[in-house]
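**Student:** Build the full structure now, drawing on both the sequences and the hints.
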Amino acid sequence: MKGARAWMAVLAATLLLAPLLAERGTLNDLWNVAFAVVLASAWNLLGGFAGQISLGYSAFVGIGAYTTVLLADAGWNPWLTLPVAAALAVLFSVVVGLPTFRLRGPYFSIATIGVGEAVRVIASGMEFTGGSSGLRMPSADFHFLSNYYGMAVLALLTVGVMAYVRGQAFGLALSAIRQDIDAAEALGIPSTRYKLLAHALSAALVGTAGGLFAMNFQYISPGSVFDFRLSLSIVLMPIVGGIGTLVGPVLGAVLFSYLQIKLLASPTLRDSYLFIYGGLLMLVMLFEPHGMVGLWERLVQLGRRAGRPVAGAPRGG
Amino acid sequence: MSSLRVEAIDVFYGDVQAVWNISFQVEAGEIVTLVGANGAGKTTTLRTLAGLLRPRAGHILFDGKDVAGLPANELVARGIVLIPEARQLWPGMSVRDNLEMGAYTRAARAERHRTMQSVLEMFPILQKRLTQNAGTLSGGEQQMCAIGRGLMARPRLLMLDEPALGLAPMLVRQVFAALKEINGRGVTLLLVEQNVQHALRLAHRAYVLETGRVTLEGTGAALMDDARVRQRFLGEAGL
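Here the protein sequences come in this chain order: V and X. In terms of the working numbering, the first sequence opens at residue 751 and continues consecutively. In terms of the working numbering, the second sequence opens at residue -10 and continues consecutively.
Please note: incorrect hints may appear among the correct ones.
Incomplete in silico selection of chain X near chain V, CB under 10 angstroms [to be verified]:
#1 N62
#2 E63
#3 A66
#4 L71
#5 I72
#6 M82
#7 D86
#8 G91
#9 A92
#10 A97
#11 R98
#12 H102
#13 R103
#14 G139
I should point out that these hints are in silico values taken from the structure, not numbers from a laboratory. All figures in this text were calculated on a predicted structure; none of them were measured in a lab. Built from N, CA and C at the ideal position, the CB exists for glycine as well.
**Tutor:** What follows is the structure in structure tokens.
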């Protein structure tokens, strides 16, 4: 827990102080990191804490992004669209959650793939969403730096919310649902209500991030915000980093954004990033199911074991 | 007062009927046991009473009110608590957190410190294990923890599904002694057990279930002496 606090302080200092020191290009990269931290940490609430692996989270990014663009088109101040983006994502999370949370384990995951794809197909086919060619934000003055701070604060808020939830009865209940849902129900924990709540809370955060995404990129399409590969990345980041932990999703998000930036810059590797993610995922599942956090803990333990004889030496000698 | 009347319930898994027209009752303060072989419908009956399954027909009256089809959390709030088969603790949580989460309903939460005290008095071994993960406990300790977790909900009717399953004989005796003590504190018990001898000795009354139907009922002592029971469940050779 103390270790987690130190990691979080590093994250907060990096994100908030970077604009004083870094170039625009670096800040762009950090914006991507913050965006990934929001997605991975928020997903981790439902997927990691409660153990419900959803493969449809791009739907929340997309709903947030489309809400922001459509309302901005209608003359709204983009910042004021964010609460609406969050609210619609929450509404959608409940509509989807009510039927899908009746399913367990892989059946739930498969159903969420269907939901995510359905939303993408609908967005590609409707007129008011601009079909498959997407939508453009109305041209207005756009301040990258305020958007950057918006995303940075949202990332820190997300991690803060997760740290808070984990210590509450709500967090324990989610953990009980993950570890043995039958026992949880037998003792009167209303599991469906809690899953819906976790889903809604993480949808609100992801929907807001989607709105900020639209503001930053000025242009969205079903292929960018409703992409299944986005849903997949959202799942892979916390798993590679350390599912169900506080720090894991953040580490995964940093690693993935770094990889993506590097890979996108290289013409030969541009299309291979999912291949590399897949490889990473297999390594994690085979060798370290607790991801980078587990690896770190193992290293710390090794270090301690190696350090012990030295520390005890004076007494022995 | 917390009496349970089960009136002619049918329970299905999909299209397969597991419980056929079962009726029985548990009076306030009683220990009642349902005995029967594998597949007789004992666990299904308990899960239905706990709200984890819905009966397709029949009534379940608890303190005179029909509670059939209510969700599990509502039933726990009314005092009906199931300790599921095979313990089903949350293995990655400490013993303390397991117990705390048992006191989930508002009324139980308010009393949780006092309840925890009495649970730890009943099972002193748990005191030493409080900070340990429940997954690291021995089988017997896990069962004590599971019973303790059930008690944390402050049940009026406590249902136990095979609490002696897989335990060494000495631990079985310990568990049954604990059940007697719990009953002595005013908790009504409904017990499902394959260890028929122990169960009949403990119970005031018992029902025998076979292929989803009640085939015999009587006091524990009477069923112990019943030739059919002795032959079927107590391993006595018949002709």
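**Student:** Hints broken by the structure, by number, lowest first?
**Tutor:** Hints 12, 13 not satisfied by this model.
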